[in-house]
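Student: So the protein sequences, as listed, match chains A and B.
This note's numbering numbers the first residue of the first sequence as 1 and each following residue consecutively.
This note's numbering numbers the first residue of the second sequence as 1 and each following residue consecutively.
A hint or two may mislead.
[As the list claims (entries may be wrong)] A partial selection of chain A residues facing chain B, derived with a Cβ cut-off under 8 Å:
| id | residue |
| --- | --- |
| 1 | V199 |
| 2 | G205 |
| 3 | S227 |
| 4 | G231 |
| 5 | H235 |
| 6 | D236 |
None of these hints come from the bench; they were simulated from the model.
Even glycine gets a Cβ: it sits at the ideal position worked out from N, Cα and C.
These are the residues of each chain, in order.
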Amino acid sequence: MAKTHVLSLLAMAPVKFAGLAAPEVSPEVAKLCAGAGLPASDDVAGLLGSGGLDAVVIATPTDTHPQLVEEAAGAGLHVFCEKPLGLDETQARAAVGACEQAGVKLAVGHVVRYFPAYAKIRDLVKRGEIGSPAMAKCRRMSGAPGEVRPWYADGQRSGGVVTDMGVHDFDWLLWCLGPVERVSALSAERGPGQVAMVVLAHQGGAISSVELSWMDPTGFWTAVEVSGPGGLLRHDSRSTATFRVDRARAGAGSPEVEVPVGEPLSDPYYDELADALGWFGGGPPPRGNADDAVAAVALAEAARLSASTRETVTPGMASA
Amino acid sequence: MSRLPVAMVGAGHVHAPGYLRWLSASPDVDLVGVYDPDPARASELSRATGAPVLSSVEACVSLARAAVVCPEPTRQLALAEALAGAGLALLVEKPLGVSPSESGALLALSDKVPLSVALPVRYHPGATGLRRAALDGSLGDAVAVWATNRNRFPGGWFADLSLAGGGCLLDHVVHVADLVGWIWGSRWSSVRAEAGVLHHPDLPAEDTAMVLAECSNGMIVTVDPSMSRPDGMPGALDLTMRVWGDRGVATVDIFAERVEGFDGAGRFRQELVGADMDAAMLGDWVSSMTRDLPPPVPASEASAATWLAFAAQEAVASHSTVRPV
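Please construct the entire structure, taking both the sequences and the accompanying hints into account.
Tutor: In structure tokens, the structure reads:
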């Protein structure tokens, strides 16, 4: 996600992008920074302590999030952290606690709340257009990112497909259908490829499912559907794309981790970052808060536990 | 070859009219008549298809060598037992019984007479194509199957538990469960499920469900059998499967083949086209029974598929994982 956020920051007029530091900087991101005349190094502490900063954007591998959030908060900086906030609920809570203690704001990149179709469906559901929501199905597919960036294939670093991809849909489902009572999941791995299915029983009775894959040779796509006594709403990124390129070899063998690419008039990644930075500057808060981010991580943790034990799990109990 | 004398015994199931139309038109079948516990229904079907009305099971037994048993699910076992007692070959509507004990009783009948079960999706090109891809290695090892078999609420006896015997788990899990068993030869090793009466709050049994299951060969399978499609939605009935293999992914959409159109007022319409799987199933059954071949879809396989529905019902009630005894 570093490249995506670097491009947003370079385009965001009111923001002065001071520079980039990370334990590992990809050649592509280094080149982008060099082109803009910005420093890019592995000296994170140096950048955080350089003075003159208001906020920091964290877009590193997931296992580094808790430590980096803590360091940024310790330096008195507001933090935008890419999702997931941590690998488990304990880590995510610690990150929130560090920011609270330092008196800085924490925003997390739950960008699906900024994808127009997902936001519209949630609005329509909240307006009662389908009656009391009964069932939701979320699908999120791509090739294996671990083939391009090996850390994704290491469950200790990424949390696997359930945490890395699923946390998007868990956050959206919590936002749309409310808290979850029970989690049941199945998953399977083949090398860097993984698939998982997570079924959630929400308080009040609604049932949702999240279908996840890092084995899709057709590349990245998502779909969502919600139904109730009053009707059905759905969206599929494949049939609603306004632009696409079909390469001779999509998905597997892709030179980059597959991330939707925004255009100036339609870029959810830009919008979420602009909202967060605006909040840091005294504007209204973004669409999700830090507690929402913790809840999504907790749900992902419960789903991983359920997938490994093949038993049904109560979220929030996984860390106990 | 002489025509196979066939009776339809019990015609309350939604599939009965279609089966009866095929039987009445087939040159290989002598349709001796239709019996239903509700004489008015038998008369109505008789008017529609020309099949004579039969007034009792005994009348069916005296005229037919084989019977299609297609009543509401809770009426299935008694009719099948009476016919098997008289030695008729049977084609029984799915699911195989509405409870584990009824399923066992129907399975026991298959020791006495040739008993095939109406699981027509096996004959659909989407299913035969998947089976070929699974067997010829083009998918590699199958890892997971994500399936839906959804519909609108069909109305009628589905709202009457004394006739339906269950909700959407009983009605719609069995097709996908049978395809998985038929294609991969696997058994079920664990089942979890969530379900509720959520889309049609007045119904007596679940209309919304998700099933998670593991197979003996390590495959993981999920089925959504919900009656979640709104009334009037085009393409409300679906049967889809996404099969993740370590060398590729297969997608099946049994009702995908259609023509879409709009009239001058912008109203949408669609017509399903393509293969007639019911005709293929009935043709295979008639051909097999005429030649004294084994039943094409044996009760043992339908019993394994129906077990997944019973296990899911139990998992819903207990909020825990159900495993075969």
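Student: With reference to the structure, classify each hint as holding or not holding.
Tutor: Status of each hint after checking the structure:
At its closest, the beta carbon of A:V199 sits 5 Å from a beta carbon of chain B; the interface hint therefore holds under the 8 Å criterion. Against a cut-off of 8 Å between C-beta atoms, the interface hint on A:G205 holds, since the closest Cβ of chain B lies about 5 Å away. At a threshold of 8 Å, the smallest CB-CB gap from A:S227 to chain B is about 5 Å, leaving the interface hint in force. For A:G231, the suggested interface contact is upheld, since its CB lies about 5 Å from the closest CB of chain B, less than 8 Å.
For A:H235, the shortest C-beta to C-beta distance to chain B is roughly 16 Å, which exceeds 8 Å, and the interface hint is violated. With its C-beta approaching chain B no nearer than about 13 Å, A:D236 sits outside the 8 Å limit, and its interface hint is violated.
The structure does not agree with the numbered hints 5 and 6 stated previously, though it agrees with the rest.
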